[in-house]
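Just need the whole structure built from these sequences, with the hints factored in.
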Amino acid sequence: MANEREIAHCEERFEGLVQRQSRFVFRVAYAVLRNSHDAEDVAQEVFLKLYRSSGWDRINDERAYLARVAWRTAMDRLGKTRDAGEALNEDSASQDATPEQAAVAANWSAVVQKLIDALPQELRIPLALSSADELNSGEIAEILGIPEGTVRTRIMKAREILKGKLARLMGGQK
Amino acid sequence: MKDELERILDEGIAGYAKSEPLAGLAERILARIRTAEQPQWRWSFAIGLAVIAVGVVVIIGLPRREERPAVRAVASVPMPKPAMLAEAKAVRVVTKRRHGIGHITELPKLAVFPTPSPLTSEERLLVALVKRDPQGAAEAFESLRKRNGPIEIAPLAIPPLESPTEQ
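Residue numbers (the working numbering), protein chains in the order written: chain C, 1 to 174; chain L, 1 to 167.
The hints are simulated quantities; they were obtained by calculation from the structure and are not laboratory data. Glycine included, each C-beta is placed from N, C-alpha and C at the ideal position. Do not take every clue at face value.
[As the list claims (entries may be wrong)] With a straight-line Cα cutoff of 27 Å, these simulated DSS-like cross-link-like pairs (lysine-lysine) come out:
(1) Lys49/C - Lys80/C
(2) Lys80/C - Lys18/L
(3) Lys131/L - Lys109/L
(4) Lys157/C - Lys18/L
(5) Lys49/C - Lys18/L
(6) Lys131/L - Lys163/C
(7) Lys146/L - Lys165/C
[Claimed, not checked] Stretches of chain L that chain C covers, calculated by requiring three or more beta carbons in the stretch to come under 8 Å of a beta carbon on chain C:
(8) 14-28
(9) 31-37
Here you go:
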């Protein structure tokens, strides 16, 4: 009887965790995959793994832990989709437009997003995570398993590259 | 120009990973976990039942091999006379089935061997002839025997040729 009550309590706590963090996990996955459908699949997979691991109630920092698992799961899926030849950025408004075409249409946000997609993965992921859910460089460092200074350097470098390309496109427009 | 560039960049980066999940994400996740964690024995039980059902269908559906009737190899035996039947002893006749398992039936064993068969019409006429005219019948048998016997050919005698000069 006491055991049943304990199980019910445990289920309740897990449901609470899903309610609290599912959106965050989705956004981390989306930052990597840029596809809502895939991001939701990843979120489901992350919580299923967590439920089966049965160690979820002993996690110290659930946000950092979930972000790390979500990132890894998303990266696995990204590798598979790229192997299958699927394009990134399926949900983007500027899906079919090149940065130049988007610039002609003066849709600068779409231009920037296209330019981010074109960045090398090691620069794109820290930048995308920084924009995902206001993750700070410390959290990103923990997710990626790299020093915090490296994260800051990569984000800065990514911004520099984007700024240069964007300036050239804007100069070409004017 | 520089401020505008920064603003565009910040907006673009902020919008890059800005996507909201469809409503009810947490419920969908919990539903999937419940589905995935259903007891495995239910599936095993269902699969077991399906296998048994398929087996039964296959066995019933198979075309049955034709059962050949067991043919009893019985020699053509004329109907025994009642007197013979009375003396008859049991004889075993084994009819073989397909897989060698014998089926034994009892038939009457006759005292006379070979089994007497009734006279044909020609034989009956012959018996009547002998009874009516035994002498004539004997002569007839004799002539028949002679006719069927070996042919006697008299030795060939060739007279010597006479020379024409002697005439």
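Do the hints match the structure? See the list:
1. Lys49/C - Lys80/C: Holds, because 19 Å separates the two Cα atoms, which is no more than 27 Å.
2. Lys80/C - Lys18/L: holds, 23 Å
3. Lys131/L - Lys109/L: Answer violated: Lys131/L to Lys109/L is near 34 Å, above 27 Å.
4. Lys157/C - Lys18/L: The given pair, whose Cα atoms are some 21 Å apart, holds under the 27 Å limit.
5. Lys49/C - Lys18/L: holds, 25 Å
6. Lys131/L - Lys163/C: It is violated: about 146 Å lies between the C-alpha atoms, which goes past 27 Å.
7. Lys146/L - Lys165/C: violated, 140 Å
8. 14-28: Since 12 is at least three, the answer is holds.
9. 31-37: holds (count 4)
Going through the hint list in order, the structure does not satisfy hints 3, 6, 7.
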